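These protein sequence lines map, in sequence, to chains A and B.
First residue of the first sequence: 1, per full-length UniProt numbering; consecutive thereafter.
First residue of the second sequence: 1, per full-length UniProt numbering; consecutive thereafter.
I should point out that these hints are in silico values taken from the structure, not numbers from a laboratory.
Please read these numbers as outputs of a predicted model, since none were measured by experiment.
Don't take every hint at face value.
Identical copies look the same in the list; a pair holds intra-copy or inter-copy alike.
Result set (DMTMM-like, lysine to aspartate or glutamate): computed pairs, CA atoms no more than 25 Å apart in a straight line [said to hold, decoys possible]:
{"#": "1", "residue 1": "362", "residue 2": "231"}
{"#": "2", "residue 1": "362", "residue 2": "232"}
{"#": "3", "residue 1": "11", "residue 2": "456"}
{"#": "4", "residue 1": "362", "residue 2": "278"}
2 protein chains.
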Amino acid sequence: MSDLTHLSLRKLRRLMISGEVRPEEVTAAFLARAEARNSCDLSYVSIGAEHALSRAGMVEQAGALGRLAGIPFSCKDVFDTVTLPTTAGSRVMHDYRPLRDARALQRLEAAGAILLGKNNLHEFCYGITGANPIFGTPANPHDPGRLAGGSSSGSAVAVANRTAMFALGTDTGGSVRVPASLCGLVGFKPTRGQISLKGVVPFCWSLDHVGILARSCGDATEVFLAVREADEAILAANADHAERGNSLHGLRIGVPRGAYLENVASDIALRVQQLIAECRRLGAHIVEVVMPDATHVRTASLAVQLVEAFAWHRTNLQRRFDLYGEDVREGLLQGQFILAEHYVQALRLIAAKQAEVSERLKDIDVLMTPTTPVVAPELDQRRVTLAGVEVPVGNALSHFTCLFNLTGHPALSVPIGRDGDGLPVGLQLIGAHHRDTKLLSIGTALERAGLAGWIEPNDEMDDGVCMAPTRSEQRELHTH
Amino acid sequence: MSDLTHLSLRKLRRLMISGEVRPEEVTAAFLARAEARNSCDLSYVSIGAEHALSRAGMVEQAGALGRLAGIPFSCKDVFDTVTLPTTAGSRVMHDYRPLRDARALQRLEAAGAILLGKNNLHEFCYGITGANPIFGTPANPHDPGRLAGGSSSGSAVAVANRTAMFALGTDTGGSVRVPASLCGLVGFKPTRGQISLKGVVPFCWSLDHVGILARSCGDATEVFLAVREADEAILAANADHAERGNSLHGLRIGVPRGAYLENVASDIALRVQQLIAECRRLGAHIVEVVMPDATHVRTASLAVQLVEAFAWHRTNLQRRFDLYGEDVREGLLQGQFILAEHYVQALRLIAAKQAEVSERLKDIDVLMTPTTPVVAPELDQRRVTLAGVEVPVGNALSHFTCLFNLTGHPALSVPIGRDGDGLPVGLQLIGAHHRDTKLLSIGTALERAGLAGWIEPNDEMDDGVCMAPTRSEQRELHTH
């Protein structure tokens, strides 16, 4: 049975269409694996086995039609569901009962996908580390002493550990791409608005994006085509770029000029440079790009996040102060002191950056950067050193990703190998607005050329041993 | 010559096409009138006679093609121009030299229209009364002791006094519709985004709209068709509603239910009720509409205005504090104390109101309200009494208009007669998003049925007497 969890999405679909494998069998295989591993990897907040099996039965009876018919998936626990609780990783939401499923889930279920359960996350998506004192912090599948990244931590771990075929997450500063990079997966944040945020507990509505975590760009493409909002005008305007060629030959790849990669860990810089060299060898044109000035990008991002998050949380902060985790509560409270002038200046800076990045993307097919400047940090690590300067872990992890939440451009992280310690390294690809399928096809081309691809964790559970710290050990970590 | 200024836009076009009248003759007639009256009506900050005549000559040589070929117009002095200064009604902008004309002006000039000059306004569009201590306050053409309304004061006065065939203004809370109503004209604020704000000195970019002042809905329609941004997708989606029928028969007219008209001056309420009755008699269906709760609408509008205006003016407030008029400066400084939370809550309330008004407009063709609850106030009036309660003049004047800047719906003011003192009364028509031409056609139908139409001022200048207060008399008024 467990072999089923190794197959690609399309392969699994073919087996179900031909009748060699039944949808219920597939769902049962993933469910068994999820239930066995969850006490150790903490990737699920809730698992809805009964509902999932019954849905799989219905899909089977209906002839397994639909692009994702019978494909089991999970979602970050910020997507509204009627059948399972929606916690947002917090105790604050304990009595929240949405009346309908989030729109993105409705679309996936209409395509036949089977929701297995809901994934652990950084409380209210507040951080990029994935640390969660309430539901525990999912450990990195490649090293149980290290962070999986966040805030879509559980979603990444579920896909990495093959307890879901794919997962939906959300990404406000890198929260899909960063855990994907740290866990050796594909993480895709489409053009802003391409996947509906309706029925998703917001963190910051100006920057929030729904994203996809998957084992390959091929899998992610199938999911994206099923879940996206198909705006006919947008599709028509970008039809020339929607075809999915899979060749690197003739591709115009932009790479940042100058000191942009100076503060990147040497193993990561090396892997990215090797990949660029390989692309050139295979016929791609490498174009040096002067990146927009990033001086105030983090400040602008933070101003917008803190203000919008505070506006959303104000009532709960008054009524349920004690139910928040301490770190998240302290962070949220900062939002009350920010002046409106600063917020609108941040929005104006964002509009300027959007125009600048779009300008850079006019003459190239794709821009490439590392996804993160460091590999997965240790669980109790608070600061990392970049080019000799100590910075908070969170700032380091979102260093290359947060700009593209401000600008709304589609951005994809693909795994391009390991560093010297065997930890995954991710490459970020950025495309022009609404060239989402083109961006995915470039990722697929890298995979076909053997330059990118899923990095499978050592399956320590096969020995029945859980290497990750227990919840009480984790509480220890959090009190430091 | 002066007869030319009395003709409708289409009639004037026909005479120029047939060669009976030359474009230079038309421009010269309006210029002569503008120059003769400006020292009295203060409607122009600058007049560009030479440039206008040379443009008219060029239009003539090119065969007077283009929808507005040879039609003289003016614009509020917030539209960037290369040939004339752009003051925004303030001393602060004395060294401002834009490099190109505002996009809306470019479109009008491409259609052959002739810019005569730039109109006086409330400094930086800050108020609805049109009071301006620097360039003087344009008096109401129907009573020199009364306000013309603002902030597009000079634009309304120029069209009322036939020193421009039409004018562009801007409308952030009613700044086109209110002066149109007070001066007996048509004022049209199209769907947000339909006329470009590019190259317009902003007051508040979330609520600013460019609008049109004209003597009839027919004139306004010609201008709108030339100046609007033609988005093919929007035009196609609304094609069913774009046809310009001119009958009231079968029209579904929404009127506010309940206490909505309680605080309206009795003469205005009476005129509106008579008009509704006439529409019913002519075959329209009158539908009572429960209006959205307006409790926080003014607060939300003010929060957004103060914050965005302050953000734009901050540098000038620091460097050129003394160049601002005192009232505007004191107002702008309030923006610095508003918290970001309040600003985003205002934006959220605005989004909710937008949805509510759109919902109301689903089952009707047009919503009708008075444009203002009072006729033109006296020049030194600070407060008016509505239903026994004293309120500031500005709050009263924008009472019915400011909601539709928040929601972005097209709104049109048409003159529907005079009150007992002979002062013009305006009716506001509101339509669904992007049903701009439909809304104008309903206005035209009212005109054809004799229910609405330009209210011509007594032309006291024909006796060579200026009844308006002089500038020094006005300064007296401002110091009270």
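Consistency of the hints with the structure:
1. 362 with 231: Close inside one copy (22 Å) and across copies (22 Å); limit 25 Å.
2. 362 with 232: both (23 Å within a copy, 23 Å between copies)
3. 11 with 456: within (18 Å within a copy, 78 Å between copies)
4. 362 with 278: Within one copy, since 24 Å is at most 25 Å while 58 Å is not.
The structure is consistent with each of the numbered hints, conforming to all of them.
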